[in-house]
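*Asks:* Taking the hints into account, I'd like the entire structure generated from these sequences.
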Amino acid sequence: MIAVGAPELFDRVVGKDKDGQPIKFSVSKTFAKAFAQRHLGWTWRRTMGAARKLPKDWVVQGEEMAFRVAALCSMHLVPDYLVVNSDQTGVHMKPFSEQTYEVKGAKQVLSLGKEDKRQFTMLGSAAADGVLLPLQVVFQGKTGQVLPKNAAAVIATSEGWHLTHSANHWSTQETMRSFVQKVLHPYFEGKCFDLGLDPLTQ
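Here my numbering is used: the first residue of the sequence shown is 1, the next is one more, and so on.
Hints are not guaranteed to be accurate.
Quick list of in silico lysine-lysine cross-link-like pairs, PhoX-like style, CA-CA up to 25 Å [stated by the list, open to error]:
#, residue 1, residue 2
1, K33, K107
2, K53, K107
3, K53, K33
Okay, the calculated beta carbon distance ranges per label pair [stated by the list, open to error]:
#, residue 1, residue 2, range
4, T172, F10, 44 to 54 Å
5, Y101, D129, 41 to 51 Å
6, M122, Q145, 18 to 28 Å
7, L72, V131, 12 to 22 Å
8, Q99, V131, 32 to 42 Å
9, D194, A152, 27 to 37 Å
10, E159, P199, 18 to 28 Å
11, T172, P148, 17 to 27 Å
12, V78, L110, 43 to 53 Å
13, Q99, D194, 39 to 49 Å
14, S28, A167, 42 to 52 Å
15, L132, Q37, 20 to 30 Å
Hints are computed from structural coordinates only; laboratory data are not their basis.
All C-beta atoms in this analysis are idealised placements derived from N, C-alpha and C, irrespective of residue type, glycine included.
*Replies:* This is the structure we're talking about:
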């Protein structure tokens with residue numbers, strides 16, 4: 001808006017840095033927040049949505065799970081790089097924020113884009129030694145025609161990402177089997193090869 005209506009503002013010197021060099025005006029996060037509050041009467045508000053619920057003992061459950069994993073790894077001499085944790089999450093095709101600007105005191109805080117429910121599923125994995133495995137991305141569709149074919153997709157697959165599909169973009173037994181075949185097993189084999197280990201004994 002400023003770049004179109006008053007571009008000369010970006011040439012205005014508003015101060016000097018520690019070396020004495022001029023500092024030109026810029027729209028920083030602090031400036032935008034102060035402008036919205038002072039001149040528009042807006043404040044940063046969370047948009048409406050269903051509350052997420054956690055069990056009361058979720059911390060204890062997490063600790064107990066970590067202890068079980070540590071005990072099994074110790075008993076069976078499983079090295080850190082072969083302990084992999086994976087998790088799935090839905091990713092919106094059109095991202096939106098749970099917060100937006102609205103007039104201070106407003107009872108209804110609405111957000112554009114929340115009605116767009118299109119998603120794909122991202123399966124991320126990390127080994128206990130901190131190594132991130134390539135991602136699996138599950139798109140919605142019945143055939144491979146739904147998979148992206150742009151430059152970003154080519155780069156992703158060249159780096160080991162596994163792009164696949166299911167009827168509703170959810171992970172299924174088939175997509176999980178392909179994850180093991182295309183991502184997890186090659187990682188295990190490659191790790192053992194790099195360290196000179198027999199993958200059949202690990």
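*Asks:* Which earlier hints can't be squared with this structure?
*Replies:* Per hint list: 3 and 15 violated.
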